[in-house]
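Chains A, B, C and D supply the protein sequences, listed in that same order.
Per our numbering, residue 309 is the first one in the first sequence, and the count goes up by one each step.
Per our numbering, residue 309 is the first one in the second sequence, and the count goes up by one each step.
Per our numbering, residue 447 is the first one in the third sequence, and the count goes up by one each step.
Per our numbering, residue 447 is the first one in the fourth sequence, and the count goes up by one each step.
Worth flagging that the hints you see were computed from the coordinates, not collected in a lab.
Values in this document were obtained by computation on a predicted structure and should not be read as measured data.
Ideal Cβ positions, reconstructed from N, Cα and C, are used throughout, including at glycine.
Among the clues, some could well be false.
To be verified - Per the computed footprint, the stretches of chain A lying under chain B, defined by three or more beta-carbons under 8 Å from a beta-carbon of chain B, are:
1) 325-338
2) 352-360
3) 425-438
4) 535-541
5) 582-588
6) 603-611
To be verified - Label-pair ranges, simulated between beta-carbon atoms:
7) E317/A - E429/B: 56 to 62 Å
8) D333/B - T351/A: 35 to 41 Å
9) M555/B - V571/D: 28 to 34 Å
10) D621/A - M517/C: 44 to 50 Å
11) R494/C - M555/B: 40 to 46 Å
12) K340/B - D597/D: 55 to 61 Å
13) K516/A - R494/C: 36 to 42 Å
14) D475/D - E429/B: 35 to 41 Å
15) N595/B - E468/C: 46 to 52 Å
As the list claims (entries may be wrong) - In silico DSS-like links for lysine-lysine, alpha-carbon gap of 30 Å or less:
16) K619/A - K591/B
17) K340/A - K347/B
18) K352/B - K310/B
19) K332/B - K625/A
20) K325/B - K638/A
21) K325/A - K591/B
22) K310/A - K587/B
23) K587/A - K332/B
24) K638/B - K587/A
25) K471/D - K456/D
26) K448/C - K340/A
Each chain, written out:
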Amino acid sequence: MKKIINTPESVVDDMCKGFLLAHKDYVGLDEKYRVIHRKEINTKKVNLISGGGSGHEPSHAGFVGRGMLDGAVCGDVFASPSVMQIYNAITKLESDKGVLLIVKNYSGDVMNFDGAADMAEEDDDIHVEKVYVNDDVAVTDSLYTVGRRGVAGTVFVHKIAGAKAETGADLKAVKAVAEKVIANVRTMGFALTSCTVPAKGGPTFDIKDGDMEFGVGIHGEPGVSREKTVGAAALAERAVGRIFEDMPVQKGSDVAVLLNGLGGTPLQELYILYNEVCKILDKAGINVYFNMVGNYMTALDMAGASVSILKLDDELKALLEAEADTPALKM
Amino acid sequence: MKKIINTPESVVDDMCKGFLLAHKDYVGLDEKYRVIHRKEINTKKVNLISGGGSGHEPSHAGFVGRGMLDGAVCGDVFASPSVMQIYNAITKLESDKGVLLIVKNYSGDVMNFDGAADMAEEDDDIHVEKVYVNDDVAVTDSLYTVGRRGVAGTVFVHKIAGAKAETGADLKAVKAVAEKVIANVRTMGFALTSCTVPAKGGPTFDIKDGDMEFGVGIHGEPGVSREKTVGAAALAERAVGRIFEDMPVQKGSDVAVLLNGLGGTPLQELYILYNEVCKILDKAGINVYFNMVGNYMTALDMAGASVSILKLDDELKALLEAEADTPALKM
Amino acid sequence: MKTLNISDIKSVLKITADTVLENEKHFCDLDAVIGDGDFGMTLAKGFRVIKVELEKFEADDIGGLMKSIGMTMLETCGGATGSLWGAGFRAMGKSAKGKSEAELTDISEMTASFIGGMQKVGGAVLGDKTLLDALIPASESMAKDADAGLDIAEAMKNAGAAATMGADNTKQLIAKKGRATYLGDRSLGYPDAGAEAISVLFKAVNDKFFC
Amino acid sequence: MKTLNISDIKSVLKITADTVLENEKHFCDLDAVIGDGDFGMTLAKGFRVIKVELEKFEADDIGGLMKSIGMTMLETCGGATGSLWGAGFRAMGKSAKGKSEAELTDISEMTASFIGGMQKVGGAVLGDKTLLDALIPASESMAKDADAGLDIAEAMKNAGAAATMGADNTKQLIAKKGRATYLGDRSLGYPDAGAEAISVLFKAVNDKFFC
Ligand SMILES: Nc1ncnc2c1ncn2[C@@H]1O[C@H](COP(=O)(O)OP(=O)(O)O)[C@@H](O)[C@H]1O
Ligand SMILES: Nc1ncnc2c1ncn2[C@@H]1O[C@H](COP(=O)(O)OP(=O)(O)O)[C@@H](O)[C@H]1O
Ligand SMILES: [Mg+2]
Ligand SMILES: [Mg+2]
Ligand SMILES: [Mg+2]
Ligand SMILES: [Mg+2]
């Protein structure tokens, strides 16, 4: 295992401490429950909490700050945080306007965020709402009962719902706009290598040099199919094609594109892929109104990328472009 | 080779195009000479040009924007740009106040930037000055005649000299502050894996699982010594120790720290390492006044990191904290 | 053996905890094939705390112990495991509330409650390729043996065999719950990690306690 | 063979270019050991353009051709190679300015100029573990053979042998110029990529043209 860590057990705690030291102007840390929260907690706005397994850095803690999240709960690597961790985040970020949980749609996360929300509502009378992000189009929805995974599109939910909350909107309105994003964002990802979970010490799956996994999530799980590697143009074609299959985008539409690296892929390659994605959108007469290219929702050191497309209307545009000041995104 | 590219030959051109598409509010591109420049060229301030081989993304093009660079010349992967490329950047960014070239101290870069500067001065009467960044303390200076390499510390030069130029200072003053940064910054890096240059198709060097290269640069070259891997705490100790050996830092001093990832190392590990670096500095009574943790000067997909320490005085502090608005750094 | 007292229950739980810790890597490896490779770690994290808890727990109350273990799982374990096992243990706690001894009928009911707790939060049914595919046959075997008045040790042996068969069976299932669903029919041919773990735990408890 | 005319020179350059292209990967591999693995690629990039240029070049002027090639290197090639070979060819251009034929003395002088041009920008001397460690012995051998009035083909063979010996020798040197310096004494035991290339190029030209 090639990692800069102390011990596999201390990875998340050490990371949280380093994160706090690096961004102490932005955040505070509850060490016991691994909750990273805004330095100044505002109890007069809807507070947004996200989180999930660690290993997706800068998600989610990197987006804690003005215009995005209020808190992020850090689970173990690729494991949802526990019910108690999330419960403590909710009570810490309790607000007069209520709390919105932004949950990626994984069984573990859903069960634990739901359990924590129930607890906070029952024991502490905190008004908690939840949205479940399920942007991954790799797996066809209808075949399975748990629904799609939540992947990189989550970052758009953070950005837009965060901007909405900053306007002083109420919980219902913030939840509604988060759900609008979820309804309009789709993501397709692929991996060239596995990642290595520190506790495991070796790659999650083996893969030969000429092969790739198409349709991966962000937890080092294998994808939907193993295929021969293809060039950037073909990759873009397939990813965008799959997204369009699932969510048709009209000619003349404005979209936001997130070209997300999975952690082990250099920025150079993300720009190359972005260039190909733009060619396809351009040919389809679709206008890229907003873009992000970089590592936003990673899977440790996995080499690979995902393409997310969000259909925009005027409301989403304005919120997407609103100010944000967080460790990982400043606009 | 596990890369998202079209062909090894088209890597840099495709990347430049993708970069332009992603950041068209910030930059323009001279496709032929691969010069990425500010969208609006200001001929009333000292213009800063940097560049070098590609593969270090976001360096250097990512720092083109207000408060940092005016132009970046993109060579082939890990190869200095040609004399003509640099010459064309200089003539494009010609300014009444002159042009400063920020050159990383590699034979190829030095020869090519020097040659281009001569040409621009002789043929076009452009006032060109140069600084050579040589922050890498891996190799002891005295032993060899080419001097030290320029590595991640270069980003501090871009930031601080860029801020100075923005104040309207003259070429002499901008060059002087760039040299002050160079005199006060030191970097030490190490790699856990090799990187893979697209044209080569395989790793530059072989390395076993329990081994690392200590004292690497940013071109996939092997380091100064191959050693057994150690934990994050020991790595921090060794890197900071080597820096202090070369540049003593007084108790009570203010420093800036750049914890730089080499491309293949996830942010999670950079935070873990940063936590350890802070512990050491704290014990030594040194105050981290400013920090950056992330991928700023990479070596393609190499797993590894570098630690840079810059000693600060009031002038450097003010310039470091000045506004910057570039694709890769916003403050 | 006709009843288990609190110290028997603690012994069984101690064996369970030790077995989880011994199999941490093995359970992770199983999860890695069609999941994300953390199942062993998550479970071990909880049972490491539970081991200490077992020694500290004073009251003569099987239900109280189970509830307390459930809370520990919710506090300590993330992942699907935290909620599922947390809910399972808490449901067992309810079912055995105030009991200082358990007969086979009680144990069988506790197991059914464990399953019910998990189903309430996880919504899985038999055949979804989860640990329930080992637990439900085991629980049914216990219920039958309880009706037939079998000895606990005997019944546990039967339950263990049912769990193992159930776990084996998961190889032929396509996952409908949990992460393995994302693989579609690529989950075919591999067992579910949770179900395998249930089988391993039954075997250890039977070899070391009910022997 | 006593003189080379422009078409001979073009043939030699064509063989050089082909050899560079054939050895692109080989030269990269050599550079990868103690450098950064791009030397073959960089050189090939230049010579790919030069091959086309050779066919288009009309004037009967050896110096003009060399100068033009030098400019191509500066335009096309980055890395140390661009400046060094650009300067080398430009210096050769100056030395052979206006010449339509070259005798061995001229060739020897051109080689010396090539070296001089490279030294002006790169500052390396014999023993620094660069391509000069192959070129300088070759150039000295040519100068000696020119004084002795040898045939060009003969002199080239000697020069080639000197280059090969020089290149071999670089294994025992610690780099003092170029990237390999960063390795310290770890550069010992491996040849310099540039010097090896010079030896390969001499051999190709000798095998294919001066045979
Ligand atoms: N909804 C569910 N109901 C019952 N068991 C489940 C459910 N989802 C997952 N499991 C079980 O949990 C195991 C995985 O646990 P764990 O690795 O902790 O979850 P994850 O990593 O997916 O959060 C699976 O092997 C399966 O047996
Ligand atoms: N200062 C110098 N003088 C002469 N030759 C040099 C010098 N520096 C490097 N070289 C030669 O150039 C070769 C490497 O070329 P190249 O790979 O293009 O350079 P780099 O990748 O270091 O920019 C070396 O093998 C060496 O022979
Ligand atoms: Mg998990
Ligand atoms: Mg190079
Ligand atoms: Mg798992
Ligand atoms: Mg090289």
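Task: Those earlier numbered hints the structure runs against, lowest number first - done: Hints 2, 3, 12, 16, 17, 18, 26 are the ones this structure does not satisfy, whereas the remaining hints hold.
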